[in-house]
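Asks: One-letter residues, chain by chain:
2 protein chains.
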Amino acid sequence: MNTTKRVGRPRGFNCDEALMAAVEVFWTKGYEGASIKDLTEAMGIKAPSLYSTFGDKLNLYKQAIERYLSNDACAPMVAFESEPDIRKAVRAFLEAVIDYATQNESGTRGCFLSSCVSTSAGEVEGVDELLKKAIAETDARLAKRFELEKEKGALPDKFPSLERASLMFDLRQGYIFRARAGLKKNTMTLDLDRRVSIILD
Amino acid sequence: MNTTKRVGRPRGFNCDEALMAAVEVFWTKGYEGASIKDLTEAMGIKAPSLYSTFGDKLNLYKQAIERYLSNDACAPMVAFESEPDIRKAVRAFLEAVIDYATQNESGTRGCFLSSCVSTSAGEVEGVDELLKKAIAETDARLAKRFELEKEKGALPDKFPSLERASLMFDLRQGYIFRARAGLKKNTMTLDLDRRVSIILD
DNA sequence: ATAATTTTGTAATGAACACTATAAAACTTT
DNA sequence: AAAGTTTTATAGTGTTCATTACAAAATTAT
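First to last, the sequence lines map onto chains W and Y.
Position one of the first sequence corresponds to residue 1 (the numbering used here), numbered consecutively onward.
Position one of the second sequence corresponds to residue 1 (the numbering used here), numbered consecutively onward.
Since the hints were derived computationally from the structure, they do not count as laboratory data.
Any given hint could turn out to be false.
For chains that are exact copies, the list does not tell them apart, and a pair is met inside one copy or across any two.
Claimed, not checked - Distance condition first, Cα-Cα at most 30 angstroms in a straight line; then the derived DSS-like pairs of lysine-lysine:
#	residue 1	residue 2
1	K144	K185
2	K5	K158
3	K184	K37
4	K158	K88
5	K152	K62
6	K29	K184
7	K144	K37
8	K62	K37
9	K184	K57
10	K29	K57
11	K57	K158
12	K5	K184
13	K46	K62
14	K88	K150
15	K158	K185
16	K158	K184
17	K88	K144
18	K37	K152
19	K132	K150
20	K132	K185
21	K37	K57
22	K150	K29
23	K144	K158
24	K29	K133
25	K46	K144
26	K132	K29
Please work from the sequences and hints to get the whole structure.
Replies: The following block contains the structure:
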C-alpha cells in the first residue's frame, strides 16, 4: 500500500523543471516559433516522453502557461507587495517591469503573458480563457494592496483601487511593448516619478 | 522614351493591394504562423511572383510593416486628430482603440504592431528597428496635438506633452492586451472618463 | 516577324515540422 | 525469478514548410 512508489519504470526527469524549461522556450520563441525539437532539447527529454507526459504541443503550452501563472513569482508583483511604503511600492513595481522587460539574457523578451497572447490567443483554442483569468487575478492582487493602504489611512477613502490597479497593469503593457522594440532602460525611467503620481494621486 | 511602359510581360496584380493582403495575414497569424501558402492565397498570386517582387518571407514582412506604418489611417489616430475639442479627442482616441481591438471580424486581433512585435522583434532581424521608429513617430504625433492645444490655450503651458503622449500610447497597449484575452468592450469602457482626466489633468 | 525581357503557372526541391510505432530498459508486484 | 507495467531511446511516419528550376505566356524593342 505504498502511495509514493508507482509501478513501472520511474520517470527519469523532473516534471516541473521540464515545464519551466518549456515556459522559457515558449517565452522567447512564441507558440508557433517553438518547435518540438527546441522544446525537447531545452527540457532535456526526448519527444515520446514529452508526448506521454504532456500530451501534444498545445496541451504542453497550456500547462506551461498555468505553471507560469501559479508561480506567483512575477518579479514586479513581488517588488510591489514586499515594499511597505505604497509610493515606493508603486515605483518599485514600475522599475521591476522595466528591468524585467529590458535586462533579460536572451535579448528583450517582454512578459510571458504578453508574448504568449499575441501568438496564440484567438488563434489557439483555450488560451484566451487562461489570460482573462490572469488579468483579473493580477488586477485584483494589485487592488488588494491599495485597499489595505486605505484601511491604514495611507490612501484616501475614495481612492479607486481597482481602476488604478488596471492602470498599473496597462502601463506595464506599454513598457513591455517599448522594450520589445528595443527602447533602453534609461529612456523609459525618465518620467517614472510622474507616473507614480498619476497612479496614486 | 516611355517611362511607364517597361519591357517584358506586365505584372498581373496590384503590388500595393497584394501588400495590404499580406498585412492582413501577418496581422491575424503572426510572422511564424503565416505560411507562404496563406500569403499567396490571400494575395491572389503564386509563390514565384511573391518571391520575385518581395524577396523572401522576411522581406515581405518588413515591407508589410512599412506599408502599414505609412498608411497613417490607424483609426484611433484619425479619431484623435479629427476631433477639435481636446477632451473629446482623447476620449475618441481611447474609444477607437477599444473598438479597434474588440470588434474586428476575425476575432480580436489587437494592433498589427503589437501583434507583429511579440512574434518577431528580437527574433527576426531588423523588425525592432521598424517598431522603434513607429513608437517614436506615434508619440510625437500625439504630443504635437497637445502642443497645438497649449498654443490655443486649451492646455496649461506646463503641460508635459510628450509624457502624456506616451501615457496614451501605453494605455492603448493595455487595452489591446485585454481585448486579446477576450475582455468585452463594455467592461473596458467603464473607467474611460477617469482615464481621460488622468491624461489631461 | 524575330529577338529580348519579364512574369506567370506547374511542379518539384530538400529541410523541418508535429507526432508515433516499436522494442529495450527500469522498475514493482507476485 | 518471472510477470506486469511504465518510461525510455531509436528511428521512423506523412505532412507542411520556405524556396526555386523550368518552360510557357505576354509584353516591348529591333
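Asks: Evaluate each hint against the coordinates.
Replies: Tested hints:
{"no.": "1", "hint": "K144 <-> K185", "result": "both (29 angstroms within a copy, 24 angstroms between copies)"}
{"no.": "2", "hint": "K5 <-> K158", "result": "neither (56 angstroms within a copy, 70 angstroms between copies)"}
{"no.": "3", "hint": "K184 <-> K37", "result": "neither (33 angstroms within a copy, 37 angstroms between copies)"}
{"no.": "4", "hint": "K158 <-> K88", "result": "both (21 angstroms within a copy, 26 angstroms between copies)"}
{"no.": "5", "hint": "K152 <-> K62", "result": "neither (39 angstroms within a copy, 53 angstroms between copies)"}
{"no.": "6", "hint": "K29 <-> K184", "result": "both (21 angstroms within a copy, 28 angstroms between copies)"}
{"no.": "7", "hint": "K144 <-> K37", "result": "neither (42 angstroms within a copy, 49 angstroms between copies)"}
{"no.": "8", "hint": "K62 <-> K37", "result": "both (18 angstroms within a copy, 27 angstroms between copies)"}
{"no.": "9", "hint": "K184 <-> K57", "result": "between (34 angstroms within a copy, 29 angstroms between copies)"}
{"no.": "10", "hint": "K29 <-> K57", "result": "both (14 angstroms within a copy, 17 angstroms between copies)"}
{"no.": "11", "hint": "K57 <-> K158", "result": "neither (47 angstroms within a copy, 54 angstroms between copies)"}
{"no.": "12", "hint": "K5 <-> K184", "result": "neither (52 angstroms within a copy, 48 angstroms between copies)"}
{"no.": "13", "hint": "K46 <-> K62", "result": "within (20 angstroms within a copy, 36 angstroms between copies)"}
{"no.": "14", "hint": "K88 <-> K150", "result": "within (16 angstroms within a copy, 32 angstroms between copies)"}
{"no.": "15", "hint": "K158 <-> K185", "result": "between (34 angstroms within a copy, 25 angstroms between copies)"}
{"no.": "16", "hint": "K158 <-> K184", "result": "between (36 angstroms within a copy, 26 angstroms between copies)"}
{"no.": "17", "hint": "K88 <-> K144", "result": "within (16 angstroms within a copy, 32 angstroms between copies)"}
{"no.": "18", "hint": "K37 <-> K152", "result": "neither (53 angstroms within a copy, 60 angstroms between copies)"}
{"no.": "19", "hint": "K132 <-> K150", "result": "within (27 angstroms within a copy, 39 angstroms between copies)"}
{"no.": "20", "hint": "K132 <-> K185", "result": "both (29 angstroms within a copy, 14 angstroms between copies)"}
{"no.": "21", "hint": "K37 <-> K57", "result": "both (11 angstroms within a copy, 22 angstroms between copies)"}
{"no.": "22", "hint": "K150 <-> K29", "result": "neither (42 angstroms within a copy, 44 angstroms between copies)"}
{"no.": "23", "hint": "K144 <-> K158", "result": "within (14 angstroms within a copy, 34 angstroms between copies)"}
{"no.": "24", "hint": "K29 <-> K133", "result": "both (23 angstroms within a copy, 23 angstroms between copies)"}
{"no.": "25", "hint": "K46 <-> K144", "result": "neither (43 angstroms within a copy, 56 angstroms between copies)"}
{"no.": "26", "hint": "K132 <-> K29", "result": "both (22 angstroms within a copy, 20 angstroms between copies)"}
The earlier numbered hints that this structure contradicts are 2, 3, 5, 7, 11, 12, 18, 22, 25.
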